[in-house]
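Chemist: Each chain is listed here by its residues.
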Amino acid sequence: MGLPADVETTGATPLEILIQRARELLPEEGVITDRARLRTYECDGLAHYRVTPALVVIPETAEQLAGIVRCCAEQQIPYVARGSGTGLSGGSLPHAEGVLVVTSRLRAIKEVRRDDQRAVVEPGVINLDVTRASTPDGYYYAPDPSSQQVCSIGGNVAENSGGAHCLKYGFTTNHVLAAEFVTAEGEQVRLGGDAPDSPGYDLLGAVVGSEGTLGIVTEVTVRLVRLPEKVVTLLVGFDSTDRAGAAVSAIIAAGIVPAAIEMMDALAIEAAEAAVACNYPDGAGAVLVIELDGPATEVDAEYADVVRLCEETGAFELRTAQTPEERVLIWKGRKSAFAAVGRISPDYIVQDGVIPRTALPEVLRAIADLSERSGVRVANVFHAGDGNLHPLVLFDDAVPGAGEAAEAVSRGILDLCLQHGGSITGEHGVGADKAAHMPKMYAAEDLDTMQLIRCAFDPDRISNPGKVFPTPRLCGERPGRRQGAHPLQEAGVAEVF
Amino acid sequence: MTDMDIRQMGAFDEHHPPDSDLLGDCVHCGFCLPTCPTYVLWGEEMDSPRGRLYLMKEGLEGEPMSDSMVQHWDSCLGCMSCVTACPSGVRYDTLIEQTRAQVERNHRRTPKEKALRALIFSIFPHPKRLRAMRGPLKLLQRTGLDRRLRSTGLLDRMAPHLAAMERLAPTITDADPLPELMPAVGERRASVGMLTGCVQGAFFPGVNAATARVLAAEGCDVVIPPSQGCCGALSVHNGREEEAQTYARRIIDTFEDAGVDHIVINAAGCGSTLKDYARLLADDPAYAAKAEAFEAKVRDIAEILDELGPVAERHPLDLTIAYHDACHLAHAQGVRSQPRALLRGIPGVELREIAEGEICCGSAGIYNILNPEPARELGERKARNIVATGAEVLVTANPGCLLQVASSIAAQGHRLGMAHLVEVLDASISGSSPEELRTRTI
Chain A
1 MGLPADVETT
11 GATPLEILIQ
21 RARELLPEEG
31 VITDRARLRT
41 YECDGLAHYR
51 VTPALVVIPE
61 TAEQLAGIVR
71 CCAEQQIPYV
81 ARGSGTGLSG
91 GSLPHAEGVL
101 VVTSRLRAIK
111 EVRRDDQRAV
121 VEPGVINLDV
131 TRASTPDGYY
141 YAPDPSSQQV
151 CSIGGNVAEN
161 SGGAHCLKYG
171 FTTNHVLAAE
181 FVTAEGEQVR
191 LGGDAPDSPG
201 YDLLGAVVGS
211 EGTLGIVTEV
221 TVRLVRLPEK
231 VVTLLVGFDS
241 TDRAGAAVSA
251 IIAAGIVPAA
261 IEMMDALAIE
271 AAEAAVACNY
281 PDGAGAVLVI
291 ELDGPATEVD
301 AEYADVVRLC
311 EETGAFELRT
321 AQTPEERVLI
331 WKGRKSAFAA
341 VGRISPDYIV
351 QDGVIPRTAL
361 PEVLRAIADL
371 SERSGVRVAN
381 VFHAGDGNLH
391 PLVLFDDAVP
401 GAGEAAEAVS
411 RGILDLCLQH
421 GGSITGEHGV
431 GADKAAHMPK
441 MYAAEDLDTM
451 QLIRCAFDPD
461 RISNPGKVFP
471 TPRLCGERPG
481 RRQGAHPLQE
491 AGVAEVF
Chain B
1 MTDMDIRQMG
11 AFDEHHPPDS
21 DLLGDCVHCG
31 FCLPTCPTYV
41 LWGEEMDSPR
51 GRLYLMKEGL
61 EGEPMSDSMV
71 QHWDSCLGCM
81 SCVTACPSGV
91 RYDTLIEQTR
101 AQVERNHRRT
111 PKEKALRALI
121 FSIFPHPKRL
131 RAMRGPLKLL
141 QRTGLDRRLR
151 STGLLDRMAP
161 HLAAMERLAP
171 TITDADPLPE
181 LMPAVGERRA
191 SVGMLTGCVQ
201 GAFFPGVNAA
211 TARVLAAEGC
221 DVVIPPSQGC
231 CGALSVHNGR
241 EEEAQTYARR
251 IIDTFEDAGV
261 DHIVINAAGC
271 GSTLKDYARL
281 LADDPAYAAK
291 AEAFEAKVRD
301 IAEILDELGP
311 VAERHPLDLT
321 IAYHDACHLA
331 HAQGVRSQPR
341 ALLRGIPGVE
351 LREIAEGEIC
361 CGSAGIYNIL
371 NPEPARELGE
381 RKARNIVATG
391 AEVLVTANPG
401 CLLQVASSIA
411 AQGHRLGMAH
421 LVEVLDASIS
431 GSSPEELRTR
441 TI
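Residue numbers (UniProt numbering), protein chains in the order written: chain A, 1 to 497; chain B, 1 to 442.
Think of the hints as simulated: they come from the structure by calculation, not from any bench. Here a beta-carbon is modelled for each residue, glycine too, at the ideal position from N, C-alpha and C. Any given hint could be a false lead.
Stated by the list, open to error - Footprint (simulated), chain A over chain B, 3 or more residues, beta carbon under 8 Å: (1) 41 to 48; (2) 83 to 89.
As the list claims (entries may be wrong) - Computed list of chain A residues with no C-beta within reach of chain B, every gap over 10 Å: (3) V51; (4) Y140; (5) D239; (6) T313; (7) A366; (8) L370; (9) R373; (10) P470.
Full structure from sequences and hints, please.
Modeler: Dropping the structure here:
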């Protein structure tokens, strides 16, 4: 591709042109070029991947953001979107020659429409603030990642974030009804709408969970859920993860869908106690946090069943939160668990994998074996109801080789997930961290098909390049590692862009 | 001061650079972001605790101390809300104080900045000079500092704030001086030494008098040494380490011979510094042990009253009260439940919570003078949330917060009674009318 005319005439580099354009579009404080400042953006929540971006912009309107992306497209400069920078897969890891587009000033809650149960928000709005804005009307926003008090809705859309309550209520994708979206060419388009369903391909569905590789959302219409009439939160202590796992299976088998059912093992409990003094049962090998919500009569009936099933599977202590404060404290232990591990280990890797729920005891035993063989400690925190594991692999980076050993265990856990028919990520995303694992999970044909979709949105591959897919290829290249044309091309139903 | 003998390591010299072990505790999770007042205002990584820690790390790794680094550390209010929010237990409080001392030594401030700081530190930590004021402007005129100020072009920045302070500060009636000993009423349960503070003593002598009365009513012998001096809080929070150490030694000496069980303070900002004397004087062999012993005795007024439990009768006060957490009480000292429990212990009081309670009001010591614009925005935000509670009286436990919140609420055209926690307790114990509290302004 040839250089645009103005570059040839002025001699300015593409980046210089972008910086100049950014200064015209944005207020002074929204354009960051100072090295010390740029470096504070070099990593997100996955801090061992670091790249200093060439430029950071913090737009205040969707139009400013679209203007920046248009200039990126003209100048062929890669861009990466970032919300609160809490992601755990390096999804918003900057590009060294690119611009980081930060949405933290796009944070207006534009509407809370009680009557049709939806809120319209900008991407930088913090997840929990949507709930705070809608609870006075009797509603809340259901997807609740552990980082809900800090993560942004835009980031949630990019990662299709889940959380403890997604077992019953579904992931972000089930709660996004429409979005304003800036394509990789800088066009502002609207996906989805007020009607419950739109004919044709579900483009909004493709965008949710695309990890910023298709474009950037600048406005999101989310579904609000009625606050339940009754909520009961239980904390149940077991002597082993096997028994706790058996309780989970028994509860689900009984036809009960709790709002949440979370498990923590002994090491994770130790960390949470150290961080927030959550006062979990002494000597527990595992605890379950079980939450039931809904109409009072239904909750009461389910509660009796859950208590019975826990006792039958060997629970040694069962506490029910009596006050909102007690409920918050039970959840505080669970929700702070990741960061709390910093109290018991200098460094750690948060892994994210999925297994069929029924494979839980077997996989946990295999993780314990792996940990014992390698001498690397692993703390387990997970959404037990849907088999989403979050093993925390502990190590001390100051010890030579410890980081590599921890990485090996972490990879081994993913392999275990795949061997049991699971997935390499439940909710943290692929990002920069797991791109190399994608071929273990998908055949080359699957990856090629995904690549074709990506190229339809972003033909120049400038939107968050280097993420999700293992071997980045230009859209003009023939997809696939095989010799010969793609089967769809051979069939005459597709052509290379 | 720039000590050329001290070897530079990137941004910092060798005298207590930000502790790299403490920095290593940060796992970059970002839980501090939404609790940080400047991040809430500006949405920039560099003006969040996580970003400021990252800048410290850059400095340790060899980046020189740049104007932009200093600007972002300067804009921290020191409210310590992030310390409360951090799941990994990062000691941001220690790290920012270490960094600020480095900035004062190793960064060349502009003449304007220097003049403003010199002015502030020639007034605030000196109770006598503060007491001498009939309003800050009058002092400026009397000392000729106003001309110095005008010549630096600072008056434009200063004057609106000082004018507001003068308008809102209580008329300094010559309050009856406090006795050196106020004996316990009834059975003696403890003996306490009382710190009178600088701003508290000068602007709110009524609060000190109420503190002494309430302590005595609850069975304490109250020892109040005259001419105590400043505790050093403002100096610590602004990187003036040596000055702070000098003040701390004097306070320790003053209270050493009093033979009291506890040392009680009614100003949150002072309390958090008094509780950190051991670290401040750790390098001083003559005072390290004394500082540790002193620190162990320090209690905020709410803590000591909660520990002792009530013996004096509470008379009813029919009041709705919004309780504002002072950052240096709630975040720096973890004192949240005690003041609320004390207020709930008064028959007739209805307590209301303020939305975004964890976010600073913008006072933050002398921050509102050094950084008037963000302080004003935070003050407006806090005032809106306070007014929204519909409470009749705002209660807090720090003089800076009272000044800041009162001026913000007045600027929005609202009227609310303003009182320190201990004044409400005093009114209840003495059986005064709630009307006096409803109409009290400062």
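Chemist: Provide an ascending list of the numbers of those earlier hints which the structure does not satisfy.
Modeler: The structure breaks none of the hints.
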